[in-house]
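Asker: Next come the chains, spelled out residue by residue.
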Amino acid sequence: MRRELRLSGFGGQGIMLAAVVLGRAAVMYDHTYAVQTQVYGPEARGGASMAAVVIDDNPILYPKVTDPDLLVIMSQEGFEKYGANARPDALMLLDRGLVHSRPDCAYIEVPATDDARSVLKKVIVANIVMLGALVAATGVVSREAIERAVLDQVPKGTEDLNLRALRQGYVRGEEARR
Amino acid sequence: MTFTDWLRADRLPHIWCSGCSNGTILNCTLAAVEAEGWDRDRTVFVSGIGCSSRAPGYVATDSLHTTHGRALAFATGVKLAEPSLNVVVFTGDGDLAAIGGNHFIHACRRNVDMTVVCMNNLIYGMTGGQGSPTTPLGALSTTTPYGASEPAFDLVALAVAAGANHVARWTAYHVKELEKAVKTGLETPGLSFIEVRAGCPTNYGRKNRIREVTDMADHFRTRSMLKTKYDRLVAEGKPVPADAIVVGEFVRRANPAMGVAP
Amino acid sequence: MTRIEFMQGNAASAEGALAAGCRFFGGYPITPSTEVAELMARKMPKLGGVFVQMEDEIASIAAVIGAAWTGKKAMTATSGPGFSLMLENIGFAIMTETPLVIVNVQRGGPSTGQPTMSAQGDMLQCRFGSHGDMAILALAPDSVQEMYDLTVKAFNLAERFRCPAFLMADEIIGHMRERIDVPDRVEVVDRKPFVPGRLPFEADDDRVPGFPTFGQGHHTHVTGLTHDARGYPVTTDPAMHDALVRRLVGKVEDARREIADYRVTNPDAEVVFICYGAPARTVRQLVADRPDDGIGVLRLRLVWPFPEHALAEFPNARAFVVPEQNLGQIAREVERHVRVPVIPVSKLGGELHTPDELARVYEEVRAR
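Protein chains in written order, with the numbering used here: chain H, 1 to 178; chain X, 1 to 262; chain C, 1 to 368.
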């Protein structure tokens, strides 16, 4: 099945990294197919950054995300630019503390930045918390795959922190499923 | 062997005008290369476009006659790709200082291990005598019919400031000194830049009252001032003639260089 | 054997180049191609190769040409404005028969245009951009896999024909990441060696001379001037110039059938899409979405020399539809060769044609 994800936030949150990790998890460890794209340019640094991932069991032909069924939104500006028009049957994970609007589609409030700050003591891993919540709530890639992909992509010495962030995200994702 | 063994007999006669200094400068360079004992099979001459840039075509080695202004960039590729090759670049004032100015300063900055001989005749010769970035203020050319109104580049100062390890200036009159300077250049790791004031009776001399070849030689002889003397005059606060051609070695140093054969 | 990777298109091009034997990279940073240079900067020294960041794109290709004459396989990568700057020296490489590869990750132009957005606006520039008559080789990848595979192929073609070969990528394919099967080893073609005793620019029956590598005692003179078989300038002999230019063009153009590289889908189709690069992904999606329609596709992997004979593989074609991220550059080439309507589907601005957009065009054309 083809799944289309869009991720948005502000520059520095690691939106691009999250998208790359997700695609890598699908291809390298779930042995499916994925295409990751992103918006480049100065707008992506200061303002709303956006990345997209298509995941499919079959080879992916059209590589772009046009109307995502999964959204990960980590800033208010990102919501307005890339989340507000989400289709009605989409599912959105949003950072509870940073996104004030709520969409018309189903959504899960994830305290990703709050958890990163208060539980993990490193606000920089909010994106990884979000990834954990996404995986736990949707199963878009397997837990084993996302863990290995995270370990591939993060700087040496931060592996434990990132795995804890991922697991904190799992907890948030599981809460939402209940 | 003598320096004539470095010439392609089947390419002569050359295209240079009678009285042109380029042949003299080519001979001095080849004499230095020969004296240095360089292997013809392992030496590459590179040039851009212009009268000066025809020189590699007369040399019996591998030679790369490239596009206008870009000789140093091509030569950088040759030397970095194969540092065991010896690289000499012939260029001119238009080629080097106008269209190739950026490559000039960056080649000096990289301090690529090669020797660059600039035949500076103060004019675009090949295209018929237009003003160049080294045409002196007031000098006549086909594009400065009322006298050059732009200040000229000091190529030597440029090369020193940009980082070349060896920089010298002579004229085509100073054949012994020139040969020695080129030889020093060949021996100096890093970029060696040698500006040679060259006579162009056809296009520069004719318009600027240095028409005869002997007049050009006299001009070089009488206007030249050794750098040591120039430095002394400056130190003493004494006047230096505005048209003095300061000759000699301006720098020789051992800053980090690129493309030096291991 | 292959190894699965999740890789960016630009990185795949650099990896392909290294696999093909590239050992010299000269470049200058420019979006959206910079990742090629960055990867080369990291990897080249470890392989005993040379990476140099030059002062501009003119110098970059100049250094690449210089390196090629020492026998190295050499490349540069650039985009839009940088490609424009390279054009004069591309002509020099053609005239001097210097093998090299140029990756052009196309962005929106003219001028500075859209640095981060995709385009295919340089397809005619690469073919005709330098002055004078010429022929070149140009490949257009539509996947990360092809960024790798066709970079390898570009090197092999460049070496075989002693001619610049272009990987005419686009921002979409260059920047996206996807699955790629990296082969253990690739087929590598090396340039034909020079046979001592022959003249340095004396061509064989294939009209390609052996390569007299610098530093081996051949004493070759290489000039951008019109030259004879010795390499010596001969600039006012009309017959000499005529013969040289016809040889340089003919050695590439006359091989078009043999080296053609395209994919045909549904040759019985009445409506045929011709595509290359990123828009080919949309066309493939359209065909997959509508399996019963038998939509014809001619997907070009090698765009130049243009495989005009491939058009005859669609004997029932009533129309050719050509979606491009330009105002119809290859559509114009197709028009030269067919008598049925050629319909460009031009999309500017950087976004990829969507399957819906092409479906609408398809239905409209089919109804005619």
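By construction, these hints were calculated from the structure, which means they are not laboratory data.
These numbers were taken from a predicted model, which means no experiment stands behind them.
Hints may be right or wrong, so weigh each one.
To be verified - Pulled a few chain C residues facing chain X out of the computed Cβ check, cut under 7 Å:
no., residue
1, Lys-46
2, Gly-48
3, Val-50
4, Gln-53
5, Ala-59
6, Phe-92
Just so you know, even glycine gets a beta-carbon here, dropped at the ideal spot from N, CA and C.
Asker: Next step is simple, just say for each hint if it's right about the structure.
Answerer: Structure-based check of all given hints:
no.	hint	verdict
1	Lys-46	16 Å, violated
2	Gly-48	11 Å, violated
3	Val-50	5 Å, holds
4	Gln-53	10 Å, violated
5	Ala-59	4 Å, holds
6	Phe-92	5 Å, holds
Of the numbered hints listed earlier, those contradicted by the structure are 1, 2 and 4.
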